[in-house]
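Peer 1: What follows is each chain in one-letter form.
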Amino acid sequence: MTVDRDGRGGFDSDPLMAVITGERLPDAARADAAFMAEHRSAAADVALLRQQLGLIGEALTEEAPEEPSKAPSPPVRIRPHRRRPFALALGAVGVAAAGAMVVGLGWLLGQAGGGVTETSGAAADSAESDSSSTAGPLGSPEYLACARLVAEGEVTDTHPVPGTGEERVTLEVTHSYKPTRGNTEITFAIPTSAGLDKGEQILIAIRRDSATPDFWLAGETAIAAQRPLLIETLPQAGTTPCE
Amino acid sequence: MLRGKARRGQGGDVHGDVGDPLDAAQERRVRAVLALGGVPQADLPDGVQQVRLRLLERAADGREAPRDVSAWAAVVASNLAMDWHRAKRRQERLGERLASLRQLEHPSGEDTSLLSLAVAQGLDELPDAQRQVLVLRFYADLPVRSIADELGIPEGTVKSRLHTAVRALRARLHEDEVV
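Chains A and B are the protein sequences, given in the same order.
Take the first sequence: its position 227, counting from 1, is numbered 227 in the working numbering, and each next residue is one higher.
Take the second sequence: its position 135, counting from 1, is numbered 1135 in the working numbering, and each next residue is one higher.
Source of the hints: derived by calculation from the structure; they are not laboratory data.
Predicted model only: the values in this text are computed from it and were never measured.
Yeah, the Cβ is synthetic: ideal placement off N, Cα and C, and Gly gets one too.
There's no promise every hint is true.
Stretch by stretch, here's where chain B covers chain A in the computed footprint (C-beta under 8 Å, at least three residues) [what the hints assert, rightly or not]:
#1 15-21
#2 44-50
#3 53-62
Pairwise CB distance ranges (calculated) [stated by the list, open to error]:
#4 R1167/B with V173/A: 21 to 27 Å
#5 E23/A with I1153/B: 17 to 23 Å
#6 E154/A with E1057/B: 47 to 53 Å
#7 I1153/B with R181/A: 24 to 30 Å
#8 A31/A with A1060/B: 53 to 59 Å
#9 G199/A with D1046/B: 47 to 53 Å
#10 V173/A with R1067/B: 25 to 31 Å
#11 E1155/B with A37/A: 24 to 30 Å
Work the whole structure out from these sequences, hints included.
Peer 2: Here it is as structure tokens:
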């Protein structure tokens, strides 16, 4: 399937190639429903491929923790897991949001009013006191320094990935915080327990070397509560090393 | 000598310590690129040392530290994996290794593991040159233009290899009804 209304034709108008290069789609392509359907399908598969490369790379290189002083031992895990992101998130957010993580499998806020208010309030308070230890990840320059993507937008598509407990989500990006000029549409995998629906406003953060968000907010209320903190913290993240 | 020339790379600091020019995150990334390129587990430490050595040699030659150390290290690691294949005339079959690991961890099997196995076996079937650009693009997250510049090949060649590789992996996934 190629779009050739503007006479360009060729590789650049191929949906898969557009996904591979991450190029901005021309208006003619965006107006072509068939092209966009193929583009979404390709984006979903490529997102899955990214995720799997990360998992396979990790599985093939992971050292056994019980033998830290020896030469690397054969890895024993290929199951998707979020141990490091969770550990990082837990360290950044403190006790108040830890409950939300346990309940929501991640930083899912905004589905229930109580959780939103409580956690957003904690973030706002900590922003005042400039304490990243209780501000949550969006108030942590260290966390944001290690994020390759921080963006918000509208969920336009969700598809379950059989057998993985995850779903592939397509996000129409309305604002990309990092990078400041990112793709207008991105696709990623996320635990089904996140419960994201089409039309929902979300804000996500994806770490380097990862294809899966380890932090997300759902709902304009939750996002609005955290947005000022994010905007305030981002400049510091630019001068903070990712360690 | 490295201390004076080191500067912050995109993926983290270049350590001022001459003994370890790669930080922990960069080392993990290098190991993964090597492994995805088919370098056997037993040879991964040597591969990481090779990358360190290249970085130190670069500094010793008086050249400026790479602007993006993580990207530079990923490309060097991918080239090392290619060299490994030529020298050893063999490569680790990722699918076989993952299958053995899966038996260790999940004797009863698991769908997620099957998906990883399908992708790993797909990687095994790719020509080395395609697998190299695929890993650099979708694991190391390098832009197409950077891959072309670093490998010294035309951008169109990178695109073509990526297109062929991704198409093959997609076809394999759907043929196997994994997705």
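Peer 1: Please name the hints from earlier in the document that this structure breaks, with their numbers sorted from lowest to highest.
Peer 2: The structure conflicts with no hint, since it agrees with every one listed earlier.
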